[in-house]
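J.: First to last, the protein sequences are chains A and B. Sequential numbering from 42 applies to the first sequence in the working numbering. Sequential numbering from 141 applies to the second sequence in the working numbering.
Calculated directly from the structure, the hints in this document are not laboratory data. Glycine residues also receive a C-beta, built at the ideal position from the N, C-alpha and C atoms.
Only part of the chain A face toward chain B is listed, based on derived beta-carbon distances under 7 Å:
hint, residue
1, G87
2, H201
3, A232
4, V236
5, I277
6, I290
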Amino acid sequence: MNVINQITFSPEELSRYSRHIALPQFGVAAQQKLKAANVLVVGCGGLGSPLLLYLAAAGVGSIGLVDFDRVDESNLQRQVLFDIHDIGEEKAVAAQHKIKALNPHINTRVYAERLTAANAMNIIKEYDVVADGTDNFTTRYLVNDACVLLNKPYVYAAIHQFEGQVSLFNCVNNDGETGPNYRDLFPLPPAPEAVPNCGEAGVLGVLPGIIGSMQALEVIKVITGIGETLSGRLFIFDTLYFQTNIFKIKRNADNPLNGTHPTITQLIDCEPFCNAAAKSIKEITPQQLKDWQQHEAIQLIDVREPYEYEIVNMGAQLIPLNTITNNIATIDRTKKVVLHCKSGSRSLQAIQLLEKEFGFTNLYNLQGGILQYIDEMAPHLTKY
Amino acid sequence: MELKLFGVAKDIIGSNKLSITAEDFATVGELKQWLSQQYPKLQQLRSVAVAVNSEYAEDNQSLQNAYEIALIPPVSGG
Numbered sequence: 042m043n044v045i046n047q048i049t050f051s052p053e054e055l056s057r058y059s060r061h062i063a064l065p066q067f068g069v070a071a072q073q074k075l076k077a078a079n080v081l082v083v084g085c086g087g088l089g090s091p092l093l094l095y096l097a098a099a100g101v102g103s104i105g106l107v108d109f110d111r112v113d114e115s116n117l118q119r120q121v122l123f124d125i126h127d128i129g130e131e132k133a134v135a136a137q138h139k140i141k142a143l144n145p146h147i148n149t150r151v152y153a154e155r156l157t158a159a160n161a162m163n164i165i166k167e168y169d170v171v172a173d174g175t176d177n178f179t180t181r182y183l184v185n186d187a188c189v190l191l192n193k194p195y196v197y198a199a200i201h202q203f204e205g206q207v208s209l210f211n212c213v214n215n216d217g218e219t220g221p222n223y224r225d226l227f228p229l230p231p232a233p234e235a236v237p238n239c240g241e242a243g244v245l246g247v248l249p250g251i252i253g254s255m256q257a258l259e260v261i262k263v264i265t266g267i268g269e270t271l272s273g274r275l276f277i278f279d280t281l282y283f284q285t286n287i288f289k290i291k292r293n294a295d296n297p298l299n300g301t302h303p304t305i306t307q308l309i310d311c312e313p314f315c316n317a318a319a320k321s322i323k324e325i326t327p328q329q330l331k332d333w334q335q336h337e338a339i340q341l342i343d344v345r346e347p348y349e350y351e352i353v354n355m356g357a358q359l360i361p362l363n364t365i366t367n368n369i370a371t372i373d374r375t376k377k378v379v380l381h382c383k384s385g386s387r388s389l390q391a392i393q394l395l396e397k398e399f400g401f402t403n404l405y406n407l408q409g410g411i412l413q414y415i416d417e418m419a420p421h422l423t424k425y
Numbered sequence: 141m142e143l144k145l146f147g148v149a150k151d152i153i154g155s156n157k158l159s160i161t162a163e164d165f166a167t168v169g170e171l172k173q174w175l176s177q178q179y180p181k182l183q184q185l186r187s188v189a190v191a192v193n194s195e196y197a198e199d200n201q202s203l204q205n206a207y208e209i210a211l212i213p214p215v216s217g218g
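Construct all of the structure, not just a fragment, from the sequences and the given hints.
T.: If you want it as structure tokens, here you go:
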């Protein structure tokens with residue numbers, strides 16, 4: 042605490058933060074805590090955009106930015122940190138430029154890489170608070186597990202179509218009790234095809250703006266100690282019906298991380314585990330597809346929606362996933378049949394259904410969908 | 141009684157709520173079992189949280205005094 046008390050501000054900083062300092066519950070003391078804080082933001086996308094903007098604007102002293110991805114035109118509908126000049130740039134680097142321009146008084150550190158079981162502990166241990174805005178379960182479980190193993194508070198938010206969730210996990214309260222974490226709610230990650238990501242399911246652009254701002258709010262409250270956080274509560278906002286819900290959550294004795302009999306004592310990449318159900322499905326690369334097409338007659342089926350087909354297609358027969366059971370007769374049972382979608386998860390679902398319910402054995406999933414095909418074989422085509 | 145649905149459970153069941161008779165189920169676990177029989181896709185989620193009267197409920201919890209039940213699947217988008 043003494044160290045935080047000694048943190049000073051330049052006249053420019055005092056002027057910049059004057060509206061914070063004027064708040065009776067906040068004052069110079071809370072602003073000093075913000076300046077002393079190290080916050081790691083994992084994922085610089087939809088949630089990461091407002092999160093980074095508000096944390097930087099608020100004067101969080103050090104911010105780490107993790108993202109391996111590059112800015113794509115289809116991100117701009119919701120990732121308001123970026124503009125057309127950033128397309129093709131590394132997200133973490135472009136985001137760093139934006140927040141440094143917003144507030145030059147803060148320090149930033151970029152990790153333009155994927156968070157993995159190999160690097161997560163080393164990166165996360167440098168920070169006081171972690172906020173996760175990633176778009177996949179593998180990273181979410183990784184961040185949760187690393188935060189529990191390292192005793193770091195984890196500010197959680199996630200979105201689906203019109204709906205967002207926010208909570209604060211693994212936070213120690215004033216009585217020294219540790220609050221619940223992600224695995225208390227959901228002990229095991231779902232099968233990969235069970236929950237579509239934003240790319241597959243769509244997302245209303247303003248939603249991550251709202252939910253990511255709430256996440257920034259909780260980061261600021263954890264650091265400064267003002268008010269009451271969402272520790273022990275899960276907030277869900279259904280924006281389509283404008284309904285807010287708060288559910289009380291609690292520690293679960295069966296939590297594999299920090300329940301009564303922990304079974305997870307170090308980080309594991311849940312990827313192979315998550316994909317166990319998908320392992321039996323045959324998969325081919327875009328290159329293999331091209332080779333096959335040159336040497337034999339194969340049937341290529343696109344299970345996306347008609348509007349997606351209109352944006353870009355690879356000449357496949359269009360059978361949207363939800364119509365597939367009505368079109369069984371058009372699927373060949375003798376030659377090789379390759380199914381594709383945007384990034385590979387809907388076609389996987391289609392194959393699982395066709396194999397299980399209709400006994401097909403000649404189906405192949407195109408790895409990474411049309412997006413990977415464009416990247417590797419047809420860069421002139423439109424990505425979306 | 142209304143079962144409130146969230147996340148991908150809405151897509152699987154095809155609505156944001158489902159009418160159920162809480163008396164038909166003694167516990168949260170029985171309700172979950174019935175739901176996964178009616179909607180097999182829910183099984184792929186592996187972990188689905190149920191909240192009774194706005195509180196997270198474990199499988200052995202009774203539904204006797206339930207006035208509100210919510211089905212909360214994991215959500216990953218960012």
